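S.K.: If you read the protein sequences in the order shown, they are chains P and L. Note that the first sequence covers residues 1 to 148 in this note's numbering. Note that the second sequence covers residues 1 to 148 in this note's numbering.
Quick caveat, the hints were computed from the structure, so don't treat them as lab data. If you're wondering where the values come from, they're calculated on a predicted model, not measured in any experiment. Glycine is no exception: its CB is placed at the ideal position from the N, C-alpha and C atoms. Take these hints with a grain of salt, some might be off.
Computed Cβ-Cβ distance ranges for the label pairs, DEER-style [claimed, not checked]: (1) L:G31 - P:C55: 24 to 32 Å; (2) L:Q85 - P:E107: 43 to 51 Å; (3) P:G119 - L:E107: 27 to 35 Å; (4) L:C55 - P:Q53: 35 to 43 Å; (5) L:E123 - P:L137: 16 to 24 Å; (6) L:Q96 - P:T121: 46 to 54 Å; (7) P:A66 - L:E25: 22 to 30 Å; (8) P:N24 - L:K67: 15 to 23 Å; (9) P:S33 - L:G31: 53 to 61 Å; (10) P:D100 - L:T64: 30 to 38 Å.
There are 2 protein chains.
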Amino acid sequence: MGQQSSGELKYVSMLHRKTQIFLNERTKALGVSGAKVPFIFIACECGKLPQYQFCSMLDISKGTVAKMLAGLEKEGYITRSISAQDGRSMDVFPTQKALDLYPRLVEIGCRCTDKMTEGLTEEEREQFFRLLKKTALTMSRFVEAEQD
Amino acid sequence: MGQQSSGELKYVSMLHRKTQIFLNERTKALGVSGAKVPFIFIACECGKLPQYQFCSMLDISKGTVAKMLAGLEKEGYITRSISAQDGRSMDVFPTQKALDLYPRLVEIGCRCTDKMTEGLTEEEREQFFRLLKKTALTMSRFVEAEQD
DNA sequence: GTAAAATAGTTTCTAATGAAACTATTTTCG
DNA sequence: CGAAAATAGTTTCATTAGAAACTATTTTAC
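Using the sequences and the hints given, assemble the complete structure.
M.R.: This is the structure:
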């Protein structure tokens with residue numbers, strides 16, 4: 001059982017790291033890092049969104065979100081302004097630069113998931129993404145609950 | 001399809017990050033970080049192993065392996081010596097400290113995979129780990145092949 | 001209405017990681 | 001044999017990430 005458990009966990013991080021490398025290689029030529037892609041996706045798909053929503057949508061700490069969005073703002077992919085309703089909150093908007101880039105990033109994302117599930121049947125692919133989502137959300141909720 | 005592809009990829013990194021947080025919280029009291037656990041597992045399970053084998057077994061870059069093993073050596077979990085057969089190669093050995101810790105780390109690893117797959121049927125659990133391994137290895141081989 | 005609590009964001013510190021350049025050995029091959 | 005290539009490891013640099021301490025606003029409760 002020891003081998004079993006160590007063996008299973010290592011594939012979680014392996015999949016993550018190799019996916020990041022795949023994305024980085026392909027987005028580098030476009031001038032963005034792979035890690036910024038999900039932020040650009042959300043900004044483009046939502047049009048206007050308070051910053052704290054990035055935390056919950058990506059389940060990433062507010063410190064990391066602050067740093068990533070500050071970087072994206074400096075690089076011209078988003079703009080931010082203090083919310084009219086709540087002086088603590090920042091509204092995030094995509095720039096034209098981000099909107100122009102968006103379809104190409106979507107294409108790269110698709111190529112990544114296609115490569116990942118290459119060799120699986122359509123049924124296995126759906127099953128995999130369904131279970132991946134379920135396990136990720138289980139862990140996420142558990143970790144959050146612990147911090148109370 | 002855009003929503004689809006961005007949505008799927010984000011769970012890969014979410015599962016990874018939450019898993020690391022889970023492990024870190026539990027191994028912290030034992031004096032090791034979650035990221036070092038796989039290295040200790042391999043050292044304990046193999047007894048004696050050249051350093052470069054850690055790279056292929058974990059699919060981690062040799063730079064990272066060098067740094068992690070240097071840390072583990074300093075902290076007293078492993079010892080290293082130059083191979084008698086090949087002056088470039090380092091043989092890695094677990095210390096008693098690592099061997100004593102090992103069963104507790106295995107226990108924590110099991111609790112993590114149990115938590116992750118909580119709510120899945122036994123069949124889903126097996127399916128998930130099978131597909132996780134398969135996708136991780138697909139990405140790993142592809143990324144390696146590109147670097148030639 | 002004000003003090004306390006909650007919330008949104010930033011900053012600092014630290015860890016894990018890969019890329020790439022580097023050193024030192026060993027292997028290959030002409 | 002000796003030069004070139006391959007291999008094992010280290011080091012430096014940059015990126016991504018969370019924890020925790022911090023500031024500034026808003027909400028809650030008395």
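S.K.: For each hint, tell me whether it holds in the structure or not.
M.R.: Against the structure, the hints come out as follows:
1. L:G31 - P:C55: 24 to 32 Å: Roughly 31 Å apart at Cβ, these two residues keep to the hinted range, so it holds.
2. L:Q85 - P:E107: 43 to 51 Å: holds (49 Å)
3. P:G119 - L:E107: 27 to 35 Å: holds (34 Å)
4. L:C55 - P:Q53: 35 to 43 Å: holds (39 Å)
5. L:E123 - P:L137: 16 to 24 Å: The hinted range 16 to 24 Å holds for E123 of chain L and L137 of chain P, with Cβ atoms some 20 Å apart.
6. L:Q96 - P:T121: 46 to 54 Å: Because 48 Å falls inside the window, the suggested range holds.
7. P:A66 - L:E25: 22 to 30 Å: holds (23 Å)
8. P:N24 - L:K67: 15 to 23 Å: With Cβ atoms ~20 Å apart, the hint holds.
9. P:S33 - L:G31: 53 to 61 Å: violated (33 Å)
10. P:D100 - L:T64: 30 to 38 Å: Because 35 Å falls inside the window, the suggested range holds.
Checked against the numbered hints given earlier, the structure breaks only hint 9 and satisfies all the rest.
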